[in-house]
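Chains R and X, in that order, are what the protein sequence lines are.
Using numbering that gives the first Met the number 0, you'd call the opening residue of the first sequence number 0 and step up by one each time.
Using numbering that gives the first Met the number 0, you'd call the opening residue of the second sequence number 0 and step up by one each time.
Keep in mind that a hint or two might mislead.
To be verified - Mimicking DSS-like on lysine-lysine, the simulated pairs with C-alpha atoms at most 25 Å apart in a straight line are:
1. R:Lys1 <-> X:Lys80
2. X:Lys80 <-> R:Lys21
3. X:Lys56 <-> X:Lys167
4. R:Lys1 <-> X:Lys167
5. X:Lys56 <-> X:Lys174
Just so you know, these hints were derived from the structure itself, not from any lab.
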Amino acid sequence: MKPLPWLDATIVGIGQVIPRVKCFRLAVTLDRPALAGQHVDIRLTAPDGYQAQRSYSIASAPSPDGIVELMVEGLPEGEVSGFFDGVAEVGDTVALRGPIGGAFVWRPEDGGPLLLIGGGSGVVPLLAMLRHRAIAAPDVPVLLVYSVREAAEAIARDELDRRRRDEPGFDWILNLTGEGGRRIDAALIGQALERLGRPRHTFICGANPFVNTAADLLVDAGLAPGTIRTERFGG
Amino acid sequence: MSTRGFTGRRPPEATRERLPPGQYLTADFPVLQIGPNPRIDLDAWRFTLRAGSRPLKIWTWDEFNALPRTRWGGDIHCVTKWSKFDTAWEGVGIDDLLADAGVAAPTAFALAEGYDDYTTNVPFADLTGDRAMVATHYDGAPIEPDHGGPARLLVPHLYFWKSAKWLKGLRFTQKDEGGFWEMRGYHMYGDPWREQRFTGD
């Protein structure tokens with residue numbers, strides 16, 4: 000593989016996705032094609048040369064259009080996310096390195112059925128897979144199980160509903176864990192497997208306890224561990 | 000060129016001196032792995048030292064735990080940018096493993112192999128001389144499955160993806176063979192102080 004250079008990425012669009020999450024459309028010329036599920040490193044530089052780097056999943060489908068979409072949760076303590084949430088404007092330029100990561104990726108030729116399980120902002124790389132599938136492999140059956148505390152915290156809810164309406168073979172289950180809801184459990188996993196059939200590939204992304212629970216339930220349900228890929232955040 | 004409006008939150012000088020370039024300090028212990036936690040039965044657990052495909056020595060869990068113990072304390076650095084200070088580990092030094100097997104390192108390169116089929120390469124020179132161990136304890140307790148228990152490799156002077164979780168063996172290879180991440184664009188060596196994150200860094 001060739002060295003991975005730092006690139007200039009200019010913010011060309013900002014949108015509010017849910018109250019705590021904004022999306023950023025970055026114009027950047029990647030020197031290699033991205034895969035759905037990959038992430039990029041973002042580096043910010045202070046006037047005195049001090050730098051901070053963080054990783055963000057790509058939300059957009061791989062595309063030659065020179066636009067990469069990221070979604071950033073505005074964490075009050077976040078050194079880089081705080082910049083995105085409170086300072087960044089259209090026209091600003093940040094340093095970007097990527098695409099990075101070759102484990103949590105889905106390629107159209109990998110096929111399906113495809114089971115995607117996301118918790119909170121962990122849905123972002125799964126969204127890239129859904130968007131890519133719709134363009135490149137619309138025949139692949141896919142089910143998304145998306146767990147959030149309350150419906151208002153679901154990223155891209157309108158898009159997911161629209162895709163369910165317009166795209167045969169795509170369905171999604173919204174699971175609410177807040178008051179009156181439930182955490183992901185064997186019954187929910189059973190329901191997902193019944194609806195989709197046995198997945199060839201499963202991708203799980205979210206906070207570590209959520210990912211552990213989902214992965215263990217799927218192994219309990221008889222899925223081969225090697226078909227399950229995980230991406231975790233948080234301690 | 001600086002980023003408009005970014006001032007940053009510099010950690011105290013004492014922290015900055017211990018942080019390799021591009022890293023930040025966390026008090027958490029984030030979990031990163033490619034799939035589910037493998038299910039490991041200690042009765043069936045084996046640790047195998049191989050030269051290529053040829054086993055040099057196989058230890059059961061009881062045999063492994065009868066080997067001399069070693070301790071290490073210090074800072075660890077993950078390629079995903081977090082660093083954690085003052086971690087405390089206990090396990091079996093690689094030198095003690097080789098001594099128990101009664102062999103010298105047959106080649107200069109090793110591939111660590113996990114129960115989840117994860118692999119990562121480390122030059123043997125980086126495993127010897129008290130620089131690495133097969134750790135069974137973290138912070139005084141058996142290592143939790145999330146962090147690679149019952150036994151994981153610990154090579155703390157390299158990025159932590161080199162410290163393979165759920166270790167089942169070390170395989171000496173004739174040449175420096177890349178492992179799981181090294182075949183996917185990550186650096187063959189991974190020195191955090193030289194910021195060797197990706198191929199060509």
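For each hint, the structure was consulted:
1. Using a Cα cut-off of 25 Å, the hinted pair R:Lys1 and X:Lys80 holds, with the two alpha carbons roughly 21 Å apart.
2. For the given pair, X:Lys80 sits about 22 Å from R:Lys21 by alpha-carbon distance, which is consistent with the 25 Å threshold.
3. At most 25 Å may separate the alpha-carbon atoms for a hinted pair to count; X:Lys56 and X:Lys167 meet this at roughly 12 Å.
4. For the hint pairing R:Lys1 with X:Lys167, the CA-to-CA distance comes to about 32 Å; that exceeds 25 Å, so the pair is violated.
5. This hinted pair checks out: X:Lys56 and X:Lys174 have alpha carbons roughly 21 Å apart, not beyond 25 Å.
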